[in-house]
Amino acid sequence: MKKNKYEIDMCSGSIMDKLISFALPLMLSGILQLMFNAVDIVIVGRFSGSQALAAVGSTTALINMFTNLFIGISLGTNVLAARFFASGKAKEMSETVHTSIMFAIISGIFMAFFGLIFSRLALELMDTPADVINKSTLYMRIYFMGMPFFMLYNYGAAVLRAVGDTKRPLLFLIISGVINAVLNMILVIVFHLSVSGVAIATVVSQMISCFLVLRCLYKTESSYQLRFSKLSIKGYYLKQIFQVGIPAGLQSTIINFSNVLLQSSVNSFGSIAMAGYTAANNILGFLYASINSVTQACMSFTSQNYGAGKYKRIDKILLECIFLSITVALVLGCSFYVFGPEILKIYTSDPEVINSGMEILSFTTTTYFLCGLMDLFPGPMRGLGYSAVPMILSIIGTVGTRIVWIFGIFPHHRSLDILFVSYPASWIISIILQVICFYFVRKRVYGRAITKQK
244 MKKNKYEIDM CSGSIMDKLI SFALPLMLSG ILQLMFNAVD IVIVGRFSGS QALAAVGSTT
304 ALINMFTNLF IGISLGTNVL AARFFASGKA KEMSETVHTS IMFAIISGIF MAFFGLIFSR
364 LALELMDTPA DVINKSTLYM RIYFMGMPFF MLYNYGAAVL RAVGDTKRPL LFLIISGVIN
424 AVLNMILVIV FHLSVSGVAI ATVVSQMISC FLVLRCLYKT ESSYQLRFSK LSIKGYYLKQ
484 IFQVGIPAGL QSTIINFSNV LLQSSVNSFG SIAMAGYTAA NNILGFLYAS INSVTQACMS
544 FTSQNYGAGK YKRIDKILLE CIFLSITVAL VLGCSFYVFG PEILKIYTSD PEVINSGMEI
604 LSFTTTTYFL CGLMDLFPGP MRGLGYSAVP MILSIIGTVG TRIVWIFGIF PHHRSLDILF
664 VSYPASWIIS IILQVICFYF VRKRVYGRAI TKQK
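The sequence shown runs 244 to 697 under the numbering used here.
Be a bit skeptical, because a hint or two may be false.
[What the hints assert, rightly or not] Dumping the calculated DSBU-like pairs for lysine-lysine here, alpha-carbon to alpha-carbon at most 35 Å:
1. Lys482 - Lys555
2. Lys477 - Lys410
3. Lys410 - Lys332
4. Lys332 - Lys588
5. Lys555 - Lys410
6. Lys248 - Lys261
7. Lys553 - Lys473
[What the hints assert, rightly or not] Derived Cβ-Cβ restraints for the label pairs, each shown as a range:
8. Ile639 - Ile352: 31 to 37 Å
9. Ile422 - Ile639: 38 to 44 Å
10. Ser605 - Val647: 20 to 26 Å
11. Tyr479 - Val581: 48 to 54 Å
12. Ile263 - Glu595: 39 to 45 Å
Hints listed in this document are in silico derivations from the structure and should not be mistaken for laboratory results. Ideal placement from N, C-alpha and C gives every residue a C-beta, glycine not left out.
Let the sequences and hints guide you as you build the complete structure.
Here it is in structure tokens:
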């Protein structure tokens, strides 16, 4: 199989250096993608006031909840494409790519109309304060107009990740991220467009990153080459993508629903707490992007080795990913906690907002390695083709714990401290459930492999 310089051989040789080579650009890509929202928050907070900051921030959990189902399905694309690529099945690889891109177009258009129609209703259901709901609605409606570009970028990038190419998506995001920052400053500072300005800048940047990733797929000479004349939905491949992707997407969507409940609880403290949560949550987003890159690496490496029939190598991949995830989470989490007040000053100069943000960070940053472990174990299970059970266990462990906390404990002890202790508590419960699940999945997969060899 002809490999270009961007592809990684995941099925032979040393593991850790290849994991880092794969995960580091993916980590930087995730951080840069979050920078779209961070730049929105910083500029709107500095130049349009705390109400505009709260308006933009209050939409984050909702946007994630609505989009994560379809973004989760892209994980199915990644797993299936990696499997076909490693086993040298060019025809199957090509049809997977064209089915995925066509589905991205359809889902992106659906999400655009969904956001236009239901944004305000969703914000009202979250008890968004009257002084920010109009701006929040405007931001969400413009943001959702960019959903077709957002979906196409993510599905195209999923194909590139499947073959080990995480460097070019990073380059594309650097280009679009710089354009996003420049447009933000022009539209907000010069033209005083406030929340609509940052939303327009985000949509334009997403359009550019989408164009670049599609151009990359079009220009390649490999089995994942894109031709628009071949775009269609092949039910056989879409079914396999859904088998992995829908449980992963539902898991992300439902977990983000628990974050929406948390956002509603924070809203009850007023706009100061909302602004603090907005800034703190953005910092936690950078942490999640960092540890999730290790999960993505674990899933892609597992899927390729599963396709190549190299089962013993999968255990080594998981152990090295556990070490990498804990190291990254501890280093970054402790750094964010120590320098938290200084980092929060980037978002706002209001000392009350900074204090609220630090209340949240004190319970979530130093314990974030637990989130890394919770997020890691479903990765290799998806790579092995098992996605439904990890989803159910994540919902029970994470969402179940937070719902009990929000409705059972929080009403009797109303403070941000008590509210956000639910994070590490839910992570610990989920880890226990996921480790038990992985043990049985591994036993089943390896048992089948031994039977086939006999």
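Hints violated by the structure (numbers, ascending)
Those not satisfied come down to hint 4.
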